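S.K.: Numbering of the sequence shown is given in this note's numbering, commencing with residue 353 and proceeding in unit increments.
Because the hints were derived from the structure by calculation, they are not lab data. Any given hint might turn out to be false.
[As the list claims (entries may be wrong)] Straight line, CA to CA, 25 Å or less: simulated DMTMM-like cross-link-like pairs of lysine to aspartate or glutamate: (1) Lys373 / Asp386; (2) Lys402 / Glu389; (3) Lys357 / Glu372; (4) Lys354 / Glu374; (5) Lys406 / Glu389; (6) Lys363 / Glu374; (7) Lys373 / Glu359; (8) Lys384 / Glu372; (9) Lys363 / Glu378; (10) Lys354 / Glu372; (11) Lys388 / Glu374; (12) Lys354 / Asp365; (13) Lys402 / Asp386; (14) Lys384 / Glu374; (15) Lys388 / Glu378.
For clarity, every value in this text was computed on a predicted model and none was experimentally measured.
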Amino acid sequence: MKYYKTEQQIKQDLRRLQLEKEIAWEELKTLKGDFKESLQPYQWMQTGLKLFSKFGVMMLVRKIIK
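All chains, please: the whole structure from these sequences, using the hints.
M.R.: Structure representation (structure tokens):
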């Protein structure tokens, strides 16, 4: 438990905690936006195309080797 000697220390700590709360809130809003963006169909298509292209290259190399 923290003990305070002056009212100024209390106000300073409360201000610091308020700023930390605001920073955390802004970070949550950013994460929410990133999450929403990652669920967009365009992002899914990009991921799918990347996977299919890697798989296609693997199959092509496999056929060349055989």
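S.K.: State for each hint whether it applies.
M.R.: Here is how each hint holds up against the structure:
For the hint linking Lys373 to Asp386, the alpha-carbon distance of about 20 Å falls within 25 Å, and the restraint holds. This hinted pair checks out: Lys402 and Glu389 have alpha carbons roughly 18 Å apart, not beyond 25 Å. The suggested pairing of Lys357 with Glu372 holds, with an alpha-carbon distance near 23 Å, which does not exceed 25 Å. For the hint linking Lys354 to Glu374, the alpha-carbon distance of about 22 Å falls within 25 Å, and the restraint holds.
Between Lys406 and Glu389, the direct Cα distance comes to roughly 24 Å. Compliance with the 25 Å bound is thereby established for this hinted pair. For the given pair, Lys363 sits about 16 Å from Glu374 by alpha-carbon distance, which is consistent with the 25 Å threshold. Taking the CA atoms of Lys373 and Glu359, the gap is near 21 Å; set against the 25 Å cutoff, the hint holds. Pair hint Lys384 plus Glu372 holds up; C-alpha atoms about 18 Å apart against a cutoff of 25 Å.
Distance hint between Lys363 and Glu378 is fulfilled; the C-alpha atoms sit about 23 Å from each other, no more than 25 Å. Simply put, Lys354 and Glu372 have alpha-carbon atoms about 18 Å apart, close enough for the 25 Å limit, and the pair holds. Using a Cα cut-off of 25 Å, the hinted pair Lys388 and Glu374 holds, with the two alpha carbons roughly 21 Å apart. A C-alpha spacing of about 11 Å is found between Lys354 and Asp365, which places the hinted pair at or below 25 Å, so the restraint holds.
For the proposed pair Lys402 and Asp386, the alpha carbon gap of about 20 Å is at most 25 Å, so the pair holds. Proximity of Lys384 to Glu374 is assessed by CA-CA distance (about 15 Å); at most 25 Å being required, the pair is judged to hold. For the hint pairing Lys388 with Glu378, the CA-to-CA distance comes to about 15 Å; that is within 25 Å, so the pair holds.
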